[in-house]
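Novice: The chain contents come next:
Number of protein chains: 2
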Amino acid sequence: MRSLPRCVPTIVLGLLLFRAARAAEPFPQAALDQARVIRERALSDDVGYDLLRSLTTEVGPRSAGSPGDARAVAWALAHLRALGFKNVRAESVTVSHWIRGEAQAEITAPWPQPLLPVALGGSGATPPPGIEADVVPVTTLAELATLPAGAVKGRIVFFTQRMQRTHDGAGYGTAVAVRGTGALESSKLGAVAVVIRSIGTDSNRLAHTGAMRIADTVRTIPALALSNPDADLLENELASGQPVRIRMRNTSMWGDSARSANVVGEIPGATKASEIVLLGAHLDSWDLGTGAHDDGAGVATITAAARLIGAARVAPARTVRVVLYANEEHGGQGSRGYIKRHGEEIARHVMGMESDLGAFPVLGVASRVPPDRLPVARAMAALLAPWGVPYVGNEAGGGSDVGPLGELGVPLIDVHTDAAPYFDLHHTANDTFDKIDPALLRQNIGAFATLAYLAAQYPGDFGRAMKPKPAR
Amino acid sequence: MRSLPRCVPTIVLGLLLFRAARAAEPFPQAALDQARVIRERALSDDVGYDLLRSLTTEVGPRSAGSPGDARAVAWALAHLRALGFKNVRAESVTVSHWIRGEAQAEITAPWPQPLLPVALGGSGATPPPGIEADVVPVTTLAELATLPAGAVKGRIVFFTQRMQRTHDGAGYGTAVAVRGTGALESSKLGAVAVVIRSIGTDSNRLAHTGAMRIADTVRTIPALALSNPDADLLENELASGQPVRIRMRNTSMWGDSARSANVVGEIPGATKASEIVLLGAHLDSWDLGTGAHDDGAGVATITAAARLIGAARVAPARTVRVVLYANEEHGGQGSRGYIKRHGEEIARHVMGMESDLGAFPVLGVASRVPPDRLPVARAMAALLAPWGVPYVGNEAGGGSDVGPLGELGVPLIDVHTDAAPYFDLHHTANDTFDKIDPALLRQNIGAFATLAYLAAQYPGDFGRAMKPKPAR
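These protein sequences, in sequence, are chains B and C. 40 is the number of the first residue of the first sequence in the numbering used here; add one for each residue after it. 40 is the number of the first residue of the second sequence in the numbering used here; add one for each residue after it.
In case anyone wonders, no lab produced these hints; they're calculated from the structure. There's no promise every hint is true.
[Unchecked claim] Away from chain B, derived, C-beta distances all over 10 Å, residues of chain C:
id : residue
1  : Val-98
2  : Asp-271
3  : Pro-307
[Stated by the list, open to error] One side only, chain B facing chain C, incomplete, derived with CB under 8 Å:
id : residue
4  : Thr-96
5  : Arg-139
6  : Gly-140
7  : Ala-148
8  : Gln-152
9  : Arg-252
10 : Asp-271
11 : Glu-276
What you are looking at is a predicted structure, and each value in this text was computed from that prediction instead of being measured. Beta carbons: idealized from backbone N, C-alpha and C, even for Gly.
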């Protein structure tokens, strides 16, 4: 008689809240149960690891327009078919074809020392005998802009900025501008070449390549990346206060544009087959390594994830489409080509996800959905909570390939992975299969499979994530 | 009245033991006090680090007979003099001169892939257009010996053995035989070339060079080292069961013998100047890196240690002699030349110490002294006990340069350092100054300075450590 009257309102309130929570749960119990089964299966499934071994061993380097690129397209078609994907096809894309050639550089004064450079993608060649010039160090583009007129004319600009090692990749975002436009801006000021401290965070004697911008109106000068140890050495020579000279030779050139393709395969939806959950990764790689993390890991992740969805007892309502993009690294023609080809269909893309940060530990899940769909995104991410993976917000952006779909309003889910080890390897000869931890690859596959399955099963409509921008 | 009678015997016994311990202490208190001062000074002294930056920046690669070798000799003479060493001199040594040239290799079947090889020191060249042949994998020399006659004739032998990563360097001792005689033994069986998995423990795409044996009676075939990632790739191709072919080209050659030198400097002894405590390291390096750990760290360690001894308030009784040996890496002429030149004087070498395992954490101190001098060795090592460094036994062996003095009966002290990180870098392009931890370099310097000072101050006679073997 004493406790009951005080308990009753609490119990009633609890029941009401429980019912409200039930009502707010966006997914049927069967979908959640099936998603959990997929999640667990991923952790003992080696399809992804075997695919990645196959791609790195049997294809290897596959830069756009190279023989490896063509082999990669054939490899992808064969493997998607063998894994039971439907509507497997190569959607032709014309790609630019830059040819690395050979790069050599050495410090000639004050103390002669060999360097181990790599050309940036798009670098100009030196005259055949090479060039030799004094070095002008600057930290960043901002410092370059402050130099007096003529300061770099006839000289080699050395960008000394060091990329910071961060788990979220912010260090890359800050540093990469030097790679993008360092040569262009230096050329405008009359420099004969640039060398940059690699956009990378390791201390190995392996420089990081990557794309640089060129412009029709500005002479494209040679642009070489130096490893961190070589950049340290060059800074130590500069610290002497004596003039420092570099001799370099580079034979990069542009080949003819080439045919490549976005390779597409589907797990058809059972009830809403015209609505598409798109999983993207890029099939091309830089030429220095075998593209194991960048982006073989992405190819393996989305392919193995989609296959797990295709093998589920409860088929997905929507179609899960795997798109292996052409030439992400040095032109982006695959991403633009996809949007152009599928223009009418973009409105039926209900969700986009991209894997292009390697097979490293999954740190979080982000969404980009209309505000009223946030509970749906949170409910999706909640399935990774048992792994200690949090939902981190509604600022997902996709990557280079799927990001442009986001700009057209397609909702996005990002799986954030640890970017710190990624940028130790990124765009170097070290990006090889031995660096793949199979357990971490399985975790990535599990995250993609779980989230993509739920996106395909969500009974409602994700809407459009933002006001669409005009297509690029 | 009750306690006094029971205490007296205890006190008397204690005093007797204390006197006995004092009697057994091999070093005067003043020597121990001064040694401790030296030990502590080393931890805030940057002479060694500055020397190493200078050597790696201003000289860089310095393989025997190369222009860098001659620069290194001049550098060493200048720096020993500038640091106040006495009797600084270059003791001429004739060294062999192997010229690396260029090495290229690629897998041509079943799946074409580029490799990033380096030639082993002493490798033969290919014919100018290169060679292409099937690959025969074997783990070790022992397995090679079991193959049926003709199994490797006309083929390329691939030694797949993987070096184990150990703190005591045992993995190197086991693995290195393949590098030493793999090509020689394969050539005897008719192989056209060998490739070996690098004798190294890292996973970087940087192969490890090192000396191989050649013989007048056996054709010297091309011998290339592959990084662990490249060896993994080659094994993955072999796992297909299909014939695997490699194409390679190598232009190594022997140059004329060249003049180099052991560079010597001394801290003269105050009272027993004719007795010598020898500190050895090698001045040459392989050509791929700047020889920061191998053996710039040794050069810096023993030079800075001897200088600390020279700056001590209580001068050493014996002479501390620094010997920077020529061509340890590829001929050992410096070590042999020293013994030949100093034959009569070897009997007055009371102790030898060598630094040639990089500037990594000090793990222990070993001696090689006559059994009745073990208390002396233990008392010396005890000064490093506050760093947690134990005395580990009487099995010291010196290194390649000082070890031969041990074989002539000269007592030795070894400072054991962590060999695990050393063999990640050893003989690769990655052996550069940025890999030096200044605190660990200071610890090495402190260990050498403390132990060498005590060896120079020991009032007794160390005797001969073992029955001398005939000089080599």
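Novice: Next, verify each hint and record whether it holds.
Specialist: Verification of the hints:
A beta-carbon of chain B comes within 10 Å of the beta-carbon of C:Val-98; the shortest separation is about 7 Å. Consistency note on C:Asp-271: stated as away from chain B, yet its beta-carbon is not over 10 Å from all of that chain's, at 5 Å minimum. Distance check for C:Pro-307 against chain B: the nearest CB is about 33 Å away, which clears 10 Å, and the non-interface claim stands. With a cut of 8 Å, the hint placing B:Thr-96 at the interface with chain C holds, because the nearest CB-to-CB distance is about 4 Å.
The interface hint given for B:Arg-139 is violated, since its Cβ lies 11 Å from the closest Cβ of chain C, which is over the 8 Å cut-off. With 8 Å as the threshold, the beta carbon of B:Gly-140 stays out of range of chain C, its nearest partner Cβ sitting at about 14 Å, so the hint is violated. Of the supplied interface hints, the one on B:Ala-148 is violated, with its beta-carbon coming no nearer than about 12 Å to a beta-carbon of chain C, more than 8 Å. Because the smallest distance between the Cβ of B:Gln-152 and any Cβ of chain C comes to about 4 Å, under 8 Å, the interface hint for this residue holds.
Hint status for B:Arg-252 relative to chain C: violated, with the closest Cβ pair at about 27 Å, above 8 Å. Hint status for B:Asp-271: holds, given a least beta-carbon distance of 5 Å to chain C, under 8 Å. Nearest Cβ of chain C to the Cβ of B:Glu-276: about 6 Å, under the 8 Å cut. The hint holds.
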